[in-house]
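Just so you know, the sequences run in chain order A and B. Letter by letter, the first sequence follows residues 1 to 325 of this note's numbering. Letter by letter, the second sequence follows residues 1 to 325 of this note's numbering.
Do not take every clue at face value.
Going by beta-carbon spacing under 8 Å, a handful of chain B positions derived as facing chain A [unchecked claim]:
no.: 1; residue: P24
no.: 2; residue: S128
no.: 3; residue: K265
I should point out that these hints are in silico values taken from the structure, not numbers from a laboratory. We put the beta carbon where it would ideally sit given N, CA and C, even for glycine.
2 protein chains.
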Amino acid sequence: MLSFQEIEKIVEKSAKVVNHPSQPANLYAPIDYMLSIGGKRVRPILCLIIYNLYSNNLDRNVIFPAFALEVFHEFTLIHDDIMDKSDTRRGQPTVHKKWNDNVALLSGDVMFILSYKYLAECPSFCKSEVYDLFTKTAIEVCEGQQLDMDFENKSFITMDDYLGMISLKTAVLLACSAKMGAIMAGRPQKECNALYDYGYQLGMAFQITDDYLDTFGDEKVFGKKIGGDIANNKKTWLLVEAFKRADSAQKARLSEIMSIGLWQKETKIQQMQQLYVETGVKDAALSVIGDYYSKAMNALAPAGLNEEQTARLGFFAEKIIGREK
Amino acid sequence: MLSFQEIEKIVEKSAKVVNHPSQPANLYAPIDYMLSIGGKRVRPILCLIIYNLYSNNLDRNVIFPAFALEVFHEFTLIHDDIMDKSDTRRGQPTVHKKWNDNVALLSGDVMFILSYKYLAECPSFCKSEVYDLFTKTAIEVCEGQQLDMDFENKSFITMDDYLGMISLKTAVLLACSAKMGAIMAGRPQKECNALYDYGYQLGMAFQITDDYLDTFGDEKVFGKKIGGDIANNKKTWLLVEAFKRADSAQKARLSEIMSIGLWQKETKIQQMQQLYVETGVKDAALSVIGDYYSKAMNALAPAGLNEEQTARLGFFAEKIIGREK
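My request is simple: use the sequences and hints to build the entire structure.
Shown next, in the form of structure tokens:
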């Protein structure tokens, strides 16, 4: 088995190896830019870690399909940033900010198509299965993004609504990444599905961690301004849970804080952070992230992994939930 | 062989048979809307006509991949309409106008993914080849759209620039449609390539016909306002050819007409139409469309078709170039 760092390096190298044509420059330059400004590469790393549980042959026809997951994910970010009108991503200007909306729209489109190009490198014995899983997942991710946007216009959503949304927007792609690793390693259906569930639960933990860091993270490490979700009244796990836990006085305060305008952003963020602490939401977030970690590890049972393999996936899961960015 | 009308009916039925989930409504309603407001369905019809030259078994695993071509094409229209800020399409409001930019962006994305879902139905013996052709073509179409946008900021483009752009933006997708029909019918490489060339030349004729109709078409039949390209100084075949043919006095008039503002749109359109007639551009357009028709028919030689098969493709080509919308 390769070390985590070795797999990280392989993924990083693949991001540099892919060659796009230089023309039309407005189409390909944003893609190279997006791939160059970092990102955690969680999805291809997860895919390759799982493949590597079973095989050391990490060659092109496994690395490229794994990389397709990253390219797809980055495509969704480019389009999400247009829709959310976000100006920065990973501490850098977003594509639509650096170029313009049309460039971001079209280079996002081509980036998505490129993900299918990289996927096409996968071993022929599992090509059909990989394509079907990837396509199904991509549709779900779009459904999740639509629900997320729909939530903006709702005054109230339940925790079930929220969990359903992040399941589609985030969890299924990690699940797909994990399962693809197992499929490409030629594992039987039952094991592939167990690894899908592992990735899924991890994905839930990953998104709630993201919500948590946006409010309680360290700005320098996190790479973007803390409190953006609060400022925009975004319906995060923290906000939904706060409404669940709040007594009537706290509910009134929640609504009051949400009505504070952007010209008093700092006050708004501070007051909401304080309320999240008071209502126990901050601790509850960490606890529910831990629960999803356990669910992820429990989901592995049908995969019949040995101790070393299980430890590897435990290590990866801890990295995901213990991250600070 | 089925009649043209029978194939048209099969395609129209497939547009109604596809079932999208009802939720999230903002994601799927625009797709159903887009598929319901008509369109010529040229690409799936071409694909099935060619498949039907060899086989009468037009079942699901051929119809759905053919329909994927339409879904892909409609996705590009949704995104193009955002980029071009077009308000109407086929006499109806565009998706971004009826809903908004974000809805059009995301439902376009999912529509594109759906094209891969329909493609996945294709016979397994040629799945890999079909996927590769489709992905390569989709990338080229985006490159073409980018070039088209880049041209907006250029004061001058050559006829080669123009032909290169429409080759990518329009011709390769018709070429891909034709070739897919042959691939799914299990034809040898040489025949598939001949049909690709037929579709390609036809695609060139198709786009120049589009340019022609935008200036000289019948508004009621064409489905959108005549003269939009002239009003926007769009670099069409007509404009590029006019610059090629114009003497110095006519060049000065061309520039003058192009500088007329939108508040004198009708004058601008009339003057340009007149100049296109005077310089022989109008007739030349019809003549070059005829040339591409001949090239398309000549491209068929290596396909070794019999008289009936050739006549069928001649009939289709005539429909394409003789159309009024």
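**Study point:** Residue hint B:S128, partner chain A, criterion CB-CB below 8 Å
**Key:** Constraint on B:S128 satisfied, holds at 6 Å.
Check your understanding: Does the CB of B:K265 sit less than 8 Å away from some CB of chain A?
Key -> Violated. Min distance 24 Å.
Review point. Can the hint on B:P24 be confirmed by a CB-to-CB distance to chain A that is less than 8 Å?
Key: With a minimum Cβ separation of about 4 Å from chain A (threshold 8 Å), the hint on B:P24 holds.
When each numbered hint is compared with the structure, a violation occurs for hint 3 only.
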